[in-house]
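One line per chain: the protein sequences are W and G, in this order.
All the letters of the first sequence, read from the start, carry residue numbers 1 to 376 under our numbering.
All the letters of the second sequence, read from the start, carry residue numbers 377 to 925 under our numbering.
Source of the hints: derived by calculation from the structure; they are not laboratory data.
Keep in mind that a hint or two might mislead.
Unchecked claim - Chain G side only, calculated, beta carbon under 7 Å to chain W, not exhaustive:
id: 1; residue: Leu537
id: 2; residue: Leu541
id: 3; residue: Ile706
id: 4; residue: Gly762
id: 5; residue: Leu775
Heads up, the beta-carbon is just placed ideally off N, CA and C, and yes, glycines get one too.
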Amino acid sequence: MSAPAGAIPRWVDVALIPVVNIALAFLVSGVILWFIDVDPLAAVEIILYGAFGYDLAIGYTLYYTTNFVFTGLAVAVAFHAGLFNIGGEGQAYIGGLGAALGILAVDRFLPFYLVLPIAILLAAAFGAAWAAIPAYLQAYRGSHIVITTIMFNFIAAALMVYLMVNVLIQPGSMSPESREFAPSGQLPFMHEMLGWVGIEMTPSPLNLSVVWAALCCVAVWALIWHTRWGYAIRTVGANETAAVYAGIDPRRVIMLSMCISGALAGFLGINEVMGVHHRLLLNFTAGYGFTGIAVALMGRNHPVGIVLASLLFGMLYQGGAELAFEEPKVTREMVVTIQGLVILFSGALAFMMKGPIERAYLRLFGGRRAPAAQEA
Amino acid sequence: MADPTDLSPGRPSAGRAPASSGSEAPPAIELRHVSKAFGTVQANRDVCLTVEAGTIHGIIGENGAGKSTLMSILYGFYEADSGEILIDGRPVAIRSSRDAIAAGIGMVHQHFMLVDTMTVVENIMLGAESGAILATGIEKARAELQRLERDYNLEVDPDALAGELPVGQQQRVEILKALYRGADILILDEPTGVLTPQETDQLFRILDSLRRQGVTVVLITHKLREIMAITDRVSVMRGGEMVADRATAETSKEELAELMVGRKVLLRVDKQAPRIGDTVLAVDDLSYVDRAGVARVNHVSFTVRAGEIVGVAGVSGNGQSELLELLSGIRPMTGGGFSLLGERFSPERPLDPSTMRAMHAAHVPEDRLRMGLVRSFAAEESAILGYHEDPLYTAGPFLRGEAIRADCAAKMRDFDVRPQAPVLKTANFSGGNQQKIVLARELSRAPRLLLVGQPTRGVDIGAIEFIHRNLVAMRDAGSAVLLVSVELDEIMSLSDRIVVMFEGRIVGEVPAAEANERLLGLMMANAATEEEARHKHPGLPGAIAVDPE
């Protein structure tokens, strides 16, 4: 008596339903805008133009997208092991600390191509270490990872304030920031790199780390679906009893997947600290770690979906800022509301439209198919 | 196979005459041309069914034949796409279980729906508390319960906690629950799966007394023996259709099996005398004490030799599951130990599942969905569970996708898994085919030791035959097979030796040739003493070794 899962093609589930969900979110947003006397269509135009209309806008959109890819992948890897890692924010924060410490130590005497791997390794190591503590507590002590990762976000924030104010602050400075990195400790901006090959681009925060984000997507895809470690991770996530039966130790998988997750979140620090600010400062994570949860949810924990969802959120961040700037009636909070509606419809209400759409599909196309031989 | 003349509704029962229905009384249940589709899968197609009042009516069919869907329609879980339901001759619309209860239909589910921490009387009034003040409701319920117990000979202590009752009694509580809600039609879904033969007999006595009181009973089962023992009529479903309707007295197990499967079925397992080799598994004083301090496996010793099947009989929950999990390294033992192919394992030197597999031991777990497979995985991924580190499937850290797919396709051919689609999600295979995937994975490596738990649970008759033949083939090829099953028929037909477990201990060992249902049943309830066992089998002195405890 299996459900008609085989009869519905995959694209309905992975493409059509998310698109419908997003469309609904925009529809509700449009109604809200209409209520405050803003033309919804004009608002859409401002958002789209503000996000993709000119090179500076694209630069900003992709810069935000880079952050969401890192934190989205982080949430997804943990999720495949059945773990809900809410601690991306803290792991990214500590990952940035690791990258900055490495760069501050060596940037004055090592060339860029040696500083970069050091920074990447330390960002990964610090992020992983920050995730490893909740992972250990979950695996060997039974503390729930949702609780501990949330708490570790606060601990990370407090630790960073302490370090920035008391230890890492540039001597003589009033603001809690480290010294600026030497040029070998700075990732090249995209407009700089394009300039080298003769393409003009307005300066934006978009930098080389977008390439690293793309590589991470491929790596995560290969890891999860094409290695025996990924197999173990997915087995533990889908059926822990079966994993034990198969000789997979769930505790080791929890440690492994959380460390990978934390490392991916830590790479956000590469983008922000090494790519944009070129110094260590407070609050550079700015909630990207939390948005990563929505990104992973919407992207179905698959790298392709995460890239698309990250682009969507990048667009909402950048285009939404433009909208708040262009339309005085639309406040910053209004933009957050629209983002919230997208999360609501594609996350919390993700399955609301599943039934109706599948029924509609079957009504339109189902009649032409022979009954599937499910019950062989 | 469908014989339309067999579907003539309202044919008077030729079995035992119903006690309370006159010849002109309308049938208790009449389904007319009921159809139900899930998407493109037609679960019920034009099903007609007539159940006479005051009879016991069996419904049999393989998994996926549509009998559960049909009963779910009757009980209001699903709504039929088309067709009519008549209860006592009146058309009714059943849109929810509330409607079904109002129409006098009660259902006893396969898995009991009791709150363990509540008393029997509280469970029975749950959802029918009648009023805000609980105390008056309890008194009313208790009085009504006592009346029901008297009328139907269903004795249960109303103040016992439901969780502390034996399963047979829990089932009575479920029946009482339905009767308390005024049911005069009782649907029982696979009611004997968790019962000992003795408890099954008691259940049948209860059903008989219900029938005499005029209650109509619909019994869904896949056990032909039970159909033959208790029902007045039997309806056979196959492929979503009602293919036959017979008076039980006029049919036979063989005919019913053939109707269910659509072809001739061998109900007996043909096997040669065993060619017994060396000891493969020697279990020695093995114990497992759980966290609550209960000895789930209590100083168990036995051996399994190459070329034989040793059956472990017992009522479910008497330590057999734990025994399998200890021997496969899933659960850490707390005392004693065992030798596998001469290597000794103990609490100090535990066995882990990977080591077990490396030593050419395989394990078909009792619960394929909980342990043996990953529902959300493609079949090819489920087919390497436990072997995902095997060099056959890996290149460095990477999995070899093509090798895995080709391997799975070959296994599916060898074990006749349908559909032969390695990329189809595991959950989309039927129970029997899922089990074949597990068996293909575990049997195709010619294991020295094969641990098998409930190999045919929830598997249809055609697949049972296939699975039994394969297990016997493993034994004949020289594997040592340890078989745990709650199906006595299965234990008796496959095993060469039978050990019986009760409350974690082995209470006896019987050569299969000398086992019979009554003896095993008594041992499973730990009611057989050595004297009694000898008395019942005077010709076989010493055949039964009963644990001195």
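Status of each hint after checking the structure:
At a threshold of 7 Å, the smallest CB-CB gap from Leu537 (chain G) to chain W is about 28 Å, leaving the interface hint violated. Interface restraint check: Leu541 (chain G) against chain W, minimum CB-CB distance 27 Å, threshold 7 Å, status violated. With its C-beta approaching chain W no nearer than about 6 Å, Ile706 (chain G) sits inside the 7 Å limit, and its interface hint holds. Contact between Gly762 (chain G) and chain W, as hinted, is supported at the beta carbon level, the nearest pair being about 4 Å apart and thus within 7 Å.
Of the supplied interface hints, the one on Leu775 (chain G) holds, with its beta-carbon coming within about 6 Å of a beta-carbon of chain W, less than 7 Å.
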